[in-house]
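Student: Residue strings, one per chain:
There are 2 protein chains.
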Amino acid sequence: MPRIHFQQQLAELKDKILAMAALAQQAVQSAVEAYLQRDEALCAYVKENETAINTAQRELDEMAYELLAKEQPMAIDLRFILAVIKMNADLERIGDQSMSVAIRARDMIGMPEVELPVDFEAMGEYASRMIRTALQALLDGDAQVAESVREMDDEIDRMNRLAQAELLALIQQKPELTPQALHALLISRNLERIADHATNIATDVIFWIRGADVRHALSLASD
Amino acid sequence: MPRIHFQQQLAELKDKILAMAALAQQAVQSAVEAYLQRDEALCAYVKENETAINTAQRELDEMAYELLAKEQPMAIDLRFILAVIKMNADLERIGDQSMSVAIRARDMIGMPEVELPVDFEAMGEYASRMIRTALQALLDGDAQVAESVREMDDEIDRMNRLAQAELLALIQQKPELTPQALHALLISRNLERIADHATNIATDVIFWIRGADVRHALSLASD
Chain A
1 MPRIHFQQQL AELKDKILAM AALAQQAVQS AVEAYLQRDE ALCAYVKENE
51 TAINTAQREL DEMAYELLAK EQPMAIDLRF ILAVIKMNAD LERIGDQSMS
101 VAIRARDMIG MPEVELPVDF EAMGEYASRM IRTALQALLD GDAQVAESVR
151 EMDDEIDRMN RLAQAELLAL IQQKPELTPQ ALHALLISRN LERIADHATN
201 IATDVIFWIR GADVRHALSL ASD
Chain B
1 MPRIHFQQQL AELKDKILAM AALAQQAVQS AVEAYLQRDE ALCAYVKENE
51 TAINTAQREL DEMAYELLAK EQPMAIDLRF ILAVIKMNAD LERIGDQSMS
101 VAIRARDMIG MPEVELPVDF EAMGEYASRM IRTALQALLD GDAQVAESVR
151 EMDDEIDRMN RLAQAELLAL IQQKPELTPQ ALHALLISRN LERIADHATN
201 IATDVIFWIR GADVRHALSL ASD
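Heads up: the protein sequence lines correspond to chains A and B, in order.
Each step along the first sequence adds one to the number in the numbering used here, with nothing skipped, and position 8 is 8.
Each step along the second sequence adds one to the number in the numbering used here, with nothing skipped, and position 141 is 141.
What the hints contain is simulated information worked out from the structure, not anything from laboratory work.
No residue lacks a Cβ here, since even glycine has one placed at the ideal position from N, Cα and C.
Careful: at least some of the hints might be erroneous.
Cut-off 30 angstroms, straight-line C-alpha distance, at most; resulting in silico cross-link-like pairs (BS3-like, lysine-lysine) [unchecked claim]:
| # | chain 1 | residue 1 | chain 2 | residue 2 |
| --- | --- | --- | --- | --- |
| 1 | A | K70 | B | K16 |
| 2 | A | K16 | B | K70 |
| 3 | B | K47 | B | K70 |
| 4 | A | K174 | B | K70 |
| 5 | B | K16 | A | K47 |
| 6 | B | K174 | B | K70 |
| 7 | A | K14 | B | K70 |
Cβ-to-Cβ under 8 angstroms is the rule here; a few derived chain A residues that face chain B [claimed, not checked]:
| # | residue |
| --- | --- |
| 8 | M63 |
| 9 | Y65 |
| 10 | I76 |
| 11 | L78 |
| 12 | L82 |
| 13 | M99 |
| 14 | S100 |
| 15 | R161 |
| 16 | L162 |
| 17 | L168 |
Below, a sample of chain A positions facing chain B; criterion: calculated Cβ distance under 10 angstroms [said to hold, decoys possible]:
| # | residue |
| --- | --- |
| 18 | A44 |
| 19 | K86 |
| 20 | D90 |
| 21 | M152 |
| 22 | E155 |
| 23 | K174 |
| 24 | T178 |
| 25 | A181 |
| 26 | L186 |
| 27 | R193 |
Please construct the entire structure, taking both the sequences and the accompanying hints into account.
Tutor: Quick look at the structure:
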């Protein structure tokens with residue numbers, strides 16, 4: 001029963017990409033928390049988490065590659081595996097971006113703490129919600145949910161532009177806060193990039209589902 | 001002779017990824033040139049180029065997908081096609097980053113022109129060279145050349161950190177130059193991201209070639 005075995009492997013691949021996504025989401029939340037609390041231990045945790053993400057990415061890539069090589073899957077399964085390979089790369093980069101946030105957060109521990117005009121908690125939660133929603137779309141095979149992630153991207157772009165404008169104004173009013181403001185500017189940019197990766201994941205879900213739609217349309221046509 | 005046809009298709013895929021890489025490299029060079037010359041027409045060109053890159057990416061992805069679906073390639077060819085799919089995504093994002101540079105360059109046309117302590121020409125050339133070298137590694141199937149790209153990444157990280165430090169100092173000395181300095185800061189970051197994508201491409205080349213090495217090792221073992 002090689003096909004049943006193959007379906008089990010596909011299910012395992014799905015579990016693995018979900019575990020990878022959980023690590024990535026954890027990374028984003030911990031990195032923002034590390035910034036908000038100026039918590040050095042959390043910064044170190046994000047760094048360790050990033051190593052775990054890299055290992056998980058390699059394992060997942062190898063498993064996807066083995067499946068492609070040995071099972072020679074057709075149409076919809078092939079699209080799913082390709083989507084997983086692409087998502088995997090985006091999740092790994094979410095880990096990278098989170099580590100950048102954590103490194104900046106750690107740098108800021110040595111600086112005087114000042115009020116900055118950026119709501120990083122809201123940005124972090126929003127980016128995190130985009131990742132979660134993209135994964136929900138994958139789980140449910142729901143193109144509409146995936147589309148909603150793509151629409152969410154505009155809001156975080158707006159937040160990022162607002163943060164840039166506010167920080168620019170702050171620097172001009174209080175040049176002595178420039179070091180903190182520049183870090184904040186780049187953290188805002190990291191969070192916007194994380195949202196971009198979530199958007200890429202949603203696009204991959206749509207690519208996979210469109211394959212399903214095409215197959216469905218063909219099977220209807222042949223009725 | 002379906003296998004000969006398949007080899008032709010693989011060669012076509014290679015041509016297409018090289019054309020895609022040429023577009024991406026053109027985007028980087030034009031974006032930096034647009035910034036250096038404050039040239040609005042070049043900014044518009046980068047935007048059009050980005051549309052062309054997106055179209056090329058979709059076509060290449062579909063071609064790779066068709067090859068995987070219809071030909072069910074084995075080992076080394078499979079690895080090559082997967083590497084092309086990943087490179088394709090990185091080249092598309094180089095196009096995105098170049099467009100960000102061009103948009104910032106256009107925004108700066110309206111601002112007073114000032115001397116900024118960043119050598120964008122050198123950074124752009126360096127990033128461009130990394131893309132070119134990664135592609136050379138693909139053409140020659142040369143893991144050592146691909147490794148050299150990964151080593152080059154440290155230098156552009158250094159350039160980016162230096163640019164950040166210099167711009168920070170500038171803002172503190174001359175707060176009135178903050179708008180231009182922030183744009184420069186983010187352009188520097190865009191170029192550093194472009195170099196990251198070139199590094200990813202080099203890593204994909206190594207993934208592909210390692211497959212070849214494994215196959216080679218196996219064929220030696222079976223002698």
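Student: State for each hint whether it applies.
Tutor: Hint check:
1. Pair hint K70/A plus K16/B holds up; C-alpha atoms about 27 angstroms apart against a cutoff of 30 angstroms.
2. Taking the CA atoms of K16/A and K70/B, the gap is about 27 angstroms. The hint holds against a cut of 30 angstroms.
3. The straight-line distance between the Cα atoms of K47/B and K70/B is roughly 35 angstroms, outside the 30 angstroms bound, and the hint therefore fails.
4. For the hint pairing K174/A with K70/B, the CA-to-CA distance comes to about 63 angstroms; that exceeds 30 angstroms, so the pair is violated.
5. Under the criterion of a C-alpha separation no larger than 30 angstroms, the hint pairing K16/B with K47/A is inconsistent with the structure, at around 38 angstroms.
6. Of the supplied pair hints, the one linking K174/B and K70/B is violated, its CA atoms being roughly 62 angstroms apart against a limit of 30 angstroms.
7. Between K14/A and K70/B the CA atoms are separated by roughly 24 angstroms; this keeps the pair inside 30 angstroms, and the hint holds.
8. The interface hint given for M63/A is broken, as the beta carbon of that residue sits about 13 angstroms from the closest beta carbon of chain B, more than 8 angstroms.
9. Because the closest C-beta pair between Y65/A and chain B is about 7 angstroms apart, less than 8 angstroms, the hint holds.
10. Nearest Cβ of chain B to the Cβ of I76/A: about 10 angstroms, over the 8 angstroms cut. The hint is violated.
11. About 6 angstroms separates the beta-carbon of L78/A from the nearest beta-carbon of chain B, less than 8 angstroms, and the hint is met.
12. With its C-beta approaching chain B no nearer than about 7 angstroms, L82/A sits inside the 8 angstroms limit, and its interface hint holds.
13. Hint status for M99/A: violated, given a least beta-carbon distance of 13 angstroms to chain B, over 8 angstroms.
14. Contact between S100/A and chain B, as hinted, is not supported at the beta carbon level, the nearest pair being about 10 angstroms apart and thus beyond 8 angstroms.
15. Because the smallest distance between the Cβ of R161/A and any Cβ of chain B comes to about 12 angstroms, over 8 angstroms, the interface hint for this residue is violated.
16. Interface restraint check for L162/A: the shortest CB-CB distance to chain B comes to about 14 angstroms, outside 8 angstroms, so the restraint is violated.
17. A cut of 8 angstroms between beta carbons decides the hint on L168/A: the least distance to chain B is about 6 angstroms, and the hint holds.
18. Hint on A44/A is violated. Least Cβ distance to chain B is approximately 21 angstroms, over the 10 angstroms limit.
19. Interface hint at K86/A: satisfied, since its Cβ lies 7 angstroms from the closest Cβ of chain B, which is below the 10 angstroms cut-off.
20. Hint on D90/A holds. Least Cβ distance to chain B is approximately 9 angstroms, under the 10 angstroms limit.
21. Nearest Cβ of chain B to the Cβ of M152/A: about 18 angstroms, over the 10 angstroms cut. The hint is violated.
22. The interface hint given for E155/A is broken, as the beta carbon of that residue sits about 19 angstroms from the closest beta carbon of chain B, more than 10 angstroms.
23. The closest approach between the C-beta of K174/A and any C-beta of chain B is roughly 9 angstroms, which is under the 10 angstroms cut-off, so the hint is satisfied.
24. For T178/A, the interface hint holds, since its Cβ comes within 10 angstroms of a Cβ in chain B; the closest pair sits about 5 angstroms apart.
25. Among the interface hints, the one on A181/A holds; its C-beta lies about 9 angstroms from the nearest C-beta in chain B, closer than the 10 angstroms criterion.
26. At its closest, the beta carbon of L186/A sits 7 angstroms from a beta carbon of chain B; the interface hint therefore holds under the 10 angstroms criterion.
27. At a threshold of 10 angstroms, the smallest CB-CB gap from R193/A to chain B is about 8 angstroms, leaving the interface hint in force.
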